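Participant: Below are the chains, spelled out letter by letter.
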Amino acid sequence: MSIATSPNTQRTTLAERLDLIISPLFAVALSLIGVAVWFYSDLDKTTLSILDPEKLQRQLVETISLGLASSALVILIAVPIGILVTRKGFPRLKSFLVNTLGLGQSLPVYGLIVIFFSWLGAGAFTVLVALATYSLLPVLRNTIVGLEQVDRSVIDAARGMGLTARQILTKIELPLSVVVILAGIRTAVVINVGFAALAFLVGGGGLGVTINSGLVNNRDSAILIGAVMIAVLALAFDFLSALAQKYMKPKGL
Amino acid sequence: MNDVLIRLENIVKSYGPDLDPAVDNLDLEVQRGEVLVLVGPSGCGKSTTLRLINRLIEPTSGRIVIDGEDVTDVNPSELRRKIGYVIQQVGLFPHRTIADNIATVPNLLGWKKKDIAARVDELLELVSMDPDTYRDRYPKELSGGQAQRVGVARALAADPDVLLMDEPFGAIDPITRDRLQNEFLRLQSEVKKTIVFVTHDIDEAIKMGNRIAILREGSEIAQLDTPEAILAHPADEFVESFLGSGAILKGLTLKKVSDTELHQVPILTAPVMREDALKELQESPDQVGLLLDSNGRPLRWIDERALNRTSQPIEKSGRPVTVDLQPEDTLQDALTVMLQSSAGMACVTDRRGKYLGCTTIESLAKLIMSDGQA
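Sequences listed follow chains C and L, in order.
The first sequence: position 171 = 171 (this note's numbering), numbered continuously.
The second sequence: position 200 = 200 (this note's numbering), numbered continuously.
Rather than coming from a laboratory, the hints here were simulated on the basis of the structure.
Keep in mind it's a predicted model, so treat the numbers as computed, not measured.
Glycine included, each C-beta is placed from N, C-alpha and C at the ideal position.
There's no promise every hint is true.
The calculated label-pair distances, taken between Cβ atoms and stated as ranges, are [said to hold, decoys possible]:
1. L:K192 with C:I22: 45 to 51 Å
2. L:D18 with C:I22: 54 to 60 Å
3. L:S370 with C:D151: 14 to 20 Å
4. C:P24 with L:S42: 53 to 59 Å
5. L:Q340 with C:D151: 37 to 43 Å
6. L:S14 with C:Y110: 53 to 59 Å
7. C:K88 with L:E228: 42 to 48 Å
8. C:R17 with L:N75: 45 to 51 Å
9. L:G33 with C:I77: 53 to 59 Å
Pulled out of the complex, with its shape left as it was, chain L reads as follows (with noise of 0.2 Å):
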């Protein structure tokens, strides 16, 4: 797929003769359907790029060809009504209901009411907030993060195939954030629009984007590639120091649990008895079982001391398993979950909770290795 939806053409964005140009001399090009995250220290430029594609900021000199088309000249309002746009602060209007909020573009372009009352339904679906709940709510009433899903749902609204997003999850708590992003990514794995994402954090830049653009002040691309490649070849040291210590870690986020080979632990089903039991852990090379329900879902960690306290039953003995991970987690979470678990390893389940295998450091670490050298 090399199809070019965006162009930006020997962009110039200057403020004054005596100034640097705030943006330099850009060329950029933008695949359909790809997200292409924008990335880079505080004043490089990068929000100012955003803002130029939908003519928010109006350049300089240069071109803006979107779709084949030269939008440079057009009337800058009806451009931006085919361009979602979502921003930091969300900028929802406070006097307006959600409903009313996401029917913004859609009434700009005249659709009939009965048409935008179901596309208000359908996109506070697509974004998990119940319609009959959020409809006629104003912003005043939503959280932090509620506020950016109606953001994001008013730039869906009428369907665009180009968004861009400013910063869109900076102001939100870093869990939230992290729900967001991962919401995010199933939204476009649906929708597959064409997204420019600008952000200051490498982290989100490696989670979000298909291809990142790392620039330098004057909005110049100091590495524009994919996030694999960015991490494992660095083009220079601006590059590098930008990624900062442990590309190794970061690079965590780019795999998930689907990727390592699972580890199979002795397993007890209940109910155990306790000689079967010990006999199988002391034939296993792990130090420890997993017990699990009826319907195989993990309960606890047993190990051979929890076996050999026979003042409790089985299933009270042993350590419980806490959390569970599933095989499209990132092996950064994974890494999390085995740090804190009592066993050193993580359990993987399907979506119904069933067990499929664990996670162990040294799978990771193999995986690692394995990358280092390709």
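The shape of chain C in the complex, shown without the other chains (with noise of 0.2 Å):
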């Protein structure tokens, strides 16, 4: 169809284009491999009772709801956070945090789920809180860095028309940042979806569970599908990000 565009059509880039079509297809292709393991290796009794459906849902609504709920979490702490330091008054507090953000994620988290077990015990909590600990700093650095970019004099020009702060935040800021800090947002849920998988360390269940049962027992085809399963679903919820990213960028930018 080759129908003049208006000139208020938002042109799509390949790359955003690109950033809807990769992840997707990184999936299929796993989802495949997965399903190719499952038709063509021996599943024996073993196998198929670490596979068994009913608990491969159970471990999928535990990795998916510890990824979602510490990726809320952080939100809840990083967004206010990013905000408050942007205010006049904490230039200081601002650029600290902006320096060190960066530093502070070659902790692995790995060493984060055994620093926390020592000090909060087994079970799920333990890893939501090490996971949020983990990916508070894409959210919080992007806020700041979102906050930051938005072009002064429109903000001057704001203030000049009287627009209160509140205002200024809410009407201006936010929208005009919200690309970017959705694009820290994803970076957190992606973490905290794939790193789900380690839950199984401290007792917190999940997909982890399976490929520890299949290394345990010696099972690779168990071990693919459940890796398979859980890059799956990280992939799932970039692509579910990238479309938010897509849907809630204001027009006009």
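Got two chains here, separate frames each, mind docking them using the hints?
Facilitator: Written out as structure tokens, the structure reads:
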């Protein structure tokens, strides 16, 4: 169809389109591998009991809830802090956070889970806290950077016209930084869903249990199918976040 | 008319006890309906002074009185909704349509949707932009000049009495800037707002201002007067050096073509008899005549040589008249056209393009000389 586009039509760049294609492509490819393994390898009794659909379903729900709960926690903590430190009066704290937040991520999630285990004990809650701590950084950093990159003259004009500080935040700054903030949230969601697989280490359940059982019982096909499910799950959430980014991006940007 | 709308009383803005104050004990009065231009070298505090009026910068001490009301301590957001504000970078909201941008203050004030839509269209018309074309566009689809038109429309949206403009045309290319300045002057003659206008460009100050305040460091007023008076009698060396050389040439922007006496050259109207035309040219003190079309619009400059060249019809000989002046153009425009014209003169026409007369270098010189004596 070659209808002249109106000037209002958003032109999507190649990068934006790839963004929505790559994750599903990988997910489909990995799923095919998983299906192939399921059909072509010798599934003995032990493997079948590891891959019991009821168990898998429960683990899937556990992994998703853990990933989403920790992401929600991160958003509730990091976005308000990011907003707070970009207000007037926190210039030191802000530059400190921006400069150090990158370093924090060099700590491995594994280590964080162990640290919190020794403090909070076993269970999914420990994993939730560890994941939230780990993925706090990208969200906080992107919130700060996103708010900082809003054109100062736009804010000056808004103040000059009599918008209150709150109105400037909700009507100007947040809409103009939503894309950057969402990019941080997307990173956090993928991290959280992916690393939720480690929850089994401290008795937090999840799909990691399947992989671990595969390892313990020396069943490669179970390991592979567990790994594929985790990867596909992370890719699915990456895709959903990309969709959110696309549809929450204000028109005109 | 001696009606003060804005009064700054003993305003001090200091950023610390060890620093020289940015604004040091400033008293300033702005008359209702005038364009007061604040001009000065960069760092003199002119922008700060402007931003003190709508309290984007809070004064360290002193009072701000607008329309008889002391606004030094009122709610600043509510104050700013009553004052239009235009900045050099325009600052349109990129995520909102042109209509929504213009509707910003009416929305804050809780106007009805229908009234807002009508006001938006009215303002787009006022700044010479077609509402149907631009209403639903986004700022990134506009050129710099268009963006600033919208910026001005947005500032005028709730019909404020006062308009503050901080180098509004500073980031726009010279040709567009000239056009916007002219349009702004036309617009101001319609809306009659009280405007405080900041610029670092003395030429712009002379063109736009009813009065000019020339500021030096610490926002101290070096001279405050009409452009004519400042050009004729600079108060001190600082003002003189700020005006720069060629104050006479700058003064030309203050006068209009209609201020000069128009000169009448021999007129030829098609169809032309060659002999009659020659005779008329020889009898006239001028070297050239002007060929008009049947509607009285100037076509070509014709001199004797062109008439003697019999190989061509008269309608195709001589040099074409490329640019016309109109009575409301400035004498600076006139000088430019005259210097470019082959005849050393410039045609003046009315709005429909009908010939009225010519300006000459002599008439210009006469006007400047008489000015110098006065």
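Participant: Compare the structure with each hint and give your call.
Facilitator: Results of checking the hints against the structure:
One distance hint, 45 to 51 Å for the beta-carbon pair K192 (chain L) and I22 (chain C), is violated here, with the actual separation near 60 Å. As the Cβ distance of D18 (chain L) to I22 (chain C) is approximately 57 Å, the hint placing it in 54 to 60 Å holds. Our hint of 14 to 20 Å for S370 (chain L) and D151 (chain C) is violated, since their Cβ atoms are close to 51 Å apart. About 55 Å separates the C-beta atoms of P24 (chain C) and S42 (chain L), a value consistent with the hinted range of 53 to 59 Å.
Between Q340 (chain L) and D151 (chain C), the C-beta spacing of about 41 Å keeps the proposed range 37 to 43 Å intact. About 56 Å separates the C-beta atoms of S14 (chain L) and Y110 (chain C), a value consistent with the hinted range of 53 to 59 Å. Look at K88 (chain C) against E228 (chain L): about 45 Å separates their beta carbons, and that is inside 42 to 48 Å. Under the hint 45 to 51 Å, the C-beta atoms of R17 (chain C) and N75 (chain L), about 48 Å apart, fit the expected range.
A beta carbon spacing of about 55 Å between G33 (chain L) and I77 (chain C) agrees with the range 53 to 59 Å that was offered as a hint.
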